[in-house]
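**Student:** Listed here are the chains, written in short residue letters.
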Amino acid sequence: VEPPEMPLQAEEWNRLKESFRSPEMFETVMFNSMIKCNSPIDVAKSLLTHVAKSDGDVSYNLLVKYLALCVQQGQTSEIHDVYDIMKRRFKVIESGAYNLLIRGLSNSDQWRMALTLLEEVKKVMVPSRTNYESCIKAASRHQEMNLAFELYHEMLAKDLVPTLDVLQAFFDFSRGMKGAELQKELFGMLLHLRENQIYPRKTFMWSIKLWFESIPGGNWRGHLTHIKDSGQCPVCNHQLEDSDLTEEEYNNLREKLVRDVIHGTDLFRKTSPQEFQAFQTFVENRLPFDIVIDGLNVSHINPRKMHCENLFDALNCLAKENARLLVLGRKHMLTNSSNWKRDIMKEMQNKADFFFAENISEDDAFLLYATLQSGKHCKFVTRDFLRDHKACLSDSLTRHLFRKWQRGHQIAFSKKNFLSVFIQQPALCYDCVVQTTGDTWHIPYKDTLEEKYSYRVPRKWLCIQRKK
Amino acid sequence: MQSANMFLKKILRSPALPFVAQCGMKKDLLPLSRSLSLSLCLKKDNPCNHKEKLDLDAWKTVMKSGLPEVSSETVSEHKELSTLAAAHKTVEMWRLAGRLVPENITEEQLKTFMEFSSKSAQKKYLKFLHLKELYKKNNKRKMDEKRERRLETKEQASEPDEARRNSFVCLWASCMDKAYSWRTAQSMIFGQPLVFDMSYEKDMSAREVANAVRQMVFSEGCNRRSADPFHIYFCNFKEDSLYHREFIKHYREAWGKLLITVTDQCYTEVFPKDKLIYLTADSPKVMKTFDHDKIYIVGSIVDKSIKTGVSLARAKRLGLETAALPLEKYLLWNIGAKNLTLDQMMHILLTLKDTGDWKKALEFVPKRKYFGFVSQPIHELKKTLSLVNTLKLGRRHEELQKQFAKNYSKKLTRK
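Keeping their order, the protein sequence lines are chains P and U. Heads up, the first sequence is in the UniProt record's numbering, so the first residue is 1 and it goes up one at a time. Heads up, the second sequence is in the UniProt record's numbering, so the first residue is 1 and it goes up one at a time.
No lab work stands behind these hints: they were computed from the structure. Mixed in with the good hints there might be a few duds.
Simulated crosslink set (DSS-like; lysine-lysine; CA at most 30 Å straight-line) [what the hints assert, rightly or not]:
#	chain 1	residue 1	chain 2	residue 2
1	P	K178	P	K91
2	U	K142	P	K256
3	U	K146	U	K178
4	U	K307	P	K256
5	P	K305	U	K329
6	U	K146	P	K158
7	P	K36	U	K202
Quantities reported herein were computed from a predicted structural model and do not represent experimental measurements.
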């Protein structure tokens with residue numbers, strides 16, 4: 001149905017309603033299409049009047065829809081009236097209407113009203129993060145930074161994750177303002193990005209840059225740049241943090257991995273205690289390795305070759321400079337078959353250590369364990385993203401550690417030009433997070449144009465330094 | 001010309017366009033179409049007609065007029081709303097706002113509703129209750145209709161039935177029950193055991209346990225009705241567990257009279273280990289034939305959150321043999337997980353026991369999960385598959401396929 005362009009009289013609404021195929025749904029459907037077409041509110045009012053006169057009441061459902069239309073068009077006085085009516089008529093208002101009210105009022109000059117509504121919501125349930133977003137934006141738009149920060153901290157205390165828009169609003173509206181306290185808060189937000197490995201979008205990056213440059217007497221200058229593979233910033237020649245974990249983080253990750261990934265709810269799901277025990281003693285007797293290889297994964301690189309040939313090529317490529325290799329496989333690789341030739345397998349076992357797990361065990365868990373046991377220099381080879389193992393880790397902090405470690409230690413390879421395959425896409429030697437030394441900030445950001453996968457890290461950076 | 005003007009005036013004076021009549025009168029020479037379009041946009045810009053303006057906010061006065069008596073009696077009530085009542089109010093308001101929320105909600109359900117930690121879980125639970133309520137209502141309506149229809153037919157066919165003089169006694173449900181019970185009782189002495197492993201309670205949510213029990217009730221029913229029933233064992237069954245409570249909900253007092261063996265012992269304590277076979281979809285071994293001397297174990301678990309390898313881990317821990325149904329071998333699989341419900345398992349095992357015919361047995365796999373049986377010779381199957389692939393991937397793939405076929409034949413000749 002298409003909504004009429006101007007207010008209709010009662011008879012005309014009646015006529016329209018009768019021509020509609022299910023008259024009992026007519027008002028709902030009509031209101032939905034009014035919201036979609038953004039019809040003038042007078043039309044909606046005339047329909048409400050018609051409903052009120054014929055039924056003696058307007059249902060809550062229709063009121064909410066009318067409210068949505070008013071919010072869409074920023075009709076503040078109407079929003080007020082609807083709120084009054086709802087409040088008196090229904091006593092309790094549900095979350096959908098509150099969301100609309102807060103959104104509508106926070107964009108108007110009566111934004112303080114939105115704050116009182118937020119208080120009202122708090123009495124019944126936890127407000128959503130978009131509720132907070134509207135209120136914080138409204139407060140900071142009117143330069144009430146203290147209030148905005150108060151709301152922000154309240155939100156964090158309730159375990160709500162702030163949207164990037166909220167953070168951006170803080171940077172936008174505190175441009176040119178002075179105050180150590182304010183600076184500390186905003187630095188805290190940048191550290192929040194660091195801790196959660198969040199990369200700002202390009203527009204957000206501009207807000208950050210402009211804020212830094214606007215600090216009175218700060219002498220900050222920002223530049224857009226690419227970081228070299230060596231991890232050096234071309235603008236300020238600063239060396240970025242390396243991707244190695246600290247001793248404590250490393251041990252933490254190792255412990256959690258054994259506990260959550262290998263043991264999990266039941267050690268039997270991935271392996272068996274005997275097998276794990278055997279593997280542990282095997283690894284400990286031969287430590288440390290330089291590269292650990294997922295044999296089955298590598299053997300599938302080139303489908304035109306035999307599996308064992310693929311693995312053989314890989315070993316030849318990697319076995320330079322006396323690197324100590326460990327290949328993980330399954331028992332079925334030992335049985336002579338069309339894909340696994342016994343003589344080639346024998347030859348390979350001279351070049352590297354092999355461990356064969358049971359056919360129904362998971363070798364990935366062993367791969368991670370062996371690499372972590374060998375120490376920080378050890379790398380591993382697989383095309384697998386290991387998402388399922390990351391998902392087994394119980395807390396998000398350890399998951400971040402895992403990703404960081406994986407970025408620095410996993411050697412990936414592409415299918416193209418098979419010869420140079422193992423001359424790796426280098427594992428990043430620097431850590432890709434927001435970082436600071438006090439006098440410089442380096443912030444990786446997502447370009448809006450390039451699509452970004454969760455496993456890929458941005459290559460573009462914002463370098464900010466303080467001129468002395 | 002004169003007549004045309006008259007016509008115009010008539011239209012302008014008509015009640016539908018009173019506004020145009022006022023300002024358009026002076027220029028009666030305007031052509032008809034133009035004056036109409038003009039009036040349209042004038043009206044949009046400027047709805048200052050007195051009658052309309054009064055109309056537009058009339059709904060507010062209507063809404064406010066009924067208020068005093070509603071609000072006065074609730075002010076005192078409003079303050080002493082308990083959390084439970086507040087939750088009830090919000091749920092009620094959600095219903096008014098058109099969300100999927102049940103009409104009636106019990107106190108117990110409200111409590112579970114409030115215990116959920118996330119908003120999405122609450123929403124899901126309310127939707128579940130809403131659908132349940134809907135089904136119940138529909139069922140009731142259908143039952144009523146049926147009863148009415150029965151009454152009508154009864155009135156029509158009031159004359160005595162000829163079937164009364166039939167020499168066979170009609171087998172009523174209770175007689176059937178007796179016959180079934182005899183058979184099941186016999187199977188408890190001579191029948192092949194079938195074990196349900198009831199040790200998964202901690203791996204499931206309350207709803208999954210309820211579903212599992214429901215499926216087990218179904219499978220017990222179809223076992224009882226079969227020609228040669230299994231002797232059903234519930235092993236690892238804990239007294240007063242969630243399983244137990246759910247079973248009593250279903251069976252009431254019949255729970256004590258069921259012809260099955262319920263024990264808190266493990267199956268390894270009841271039966272010799274080498275006779276046991278654990279059926280699990282994760283097993284690397286595929287079942288070839290149904291063995292009448294073995295004791296099959298079915299894990300009574302419903303895992304909606306796809307916990308792979310839970311039952312395989314259990315079998316591994318106890319060192320039991322495992323097996324999976326040969327679904328891949330007989331069916332062209334389409335979608336869905338390979339794990340089947342417990343009653344489907346029961347149907348399949350019963351059919352296998354009676355006939356040993358895989359095709360017949362696998363009829364009980366839900367139709368949506370597979371395209372068809374792998375019945376035609378393999379080369380025909382390959383043809384259709386390659387046709388599908390060419391349609392999907394284009395010509396290039398066809399050439400690859402040919403190359404593959406060549407290599408393949410080479411390999412064969414080498415052997």
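**Student:** Could you check the structure against the hints above and give me the numbers of any it violates, in ascending order?
**Tutor:** As far as the earlier hints go, 1, 2, 6 and 7 are violated by this structure, in ascending order.
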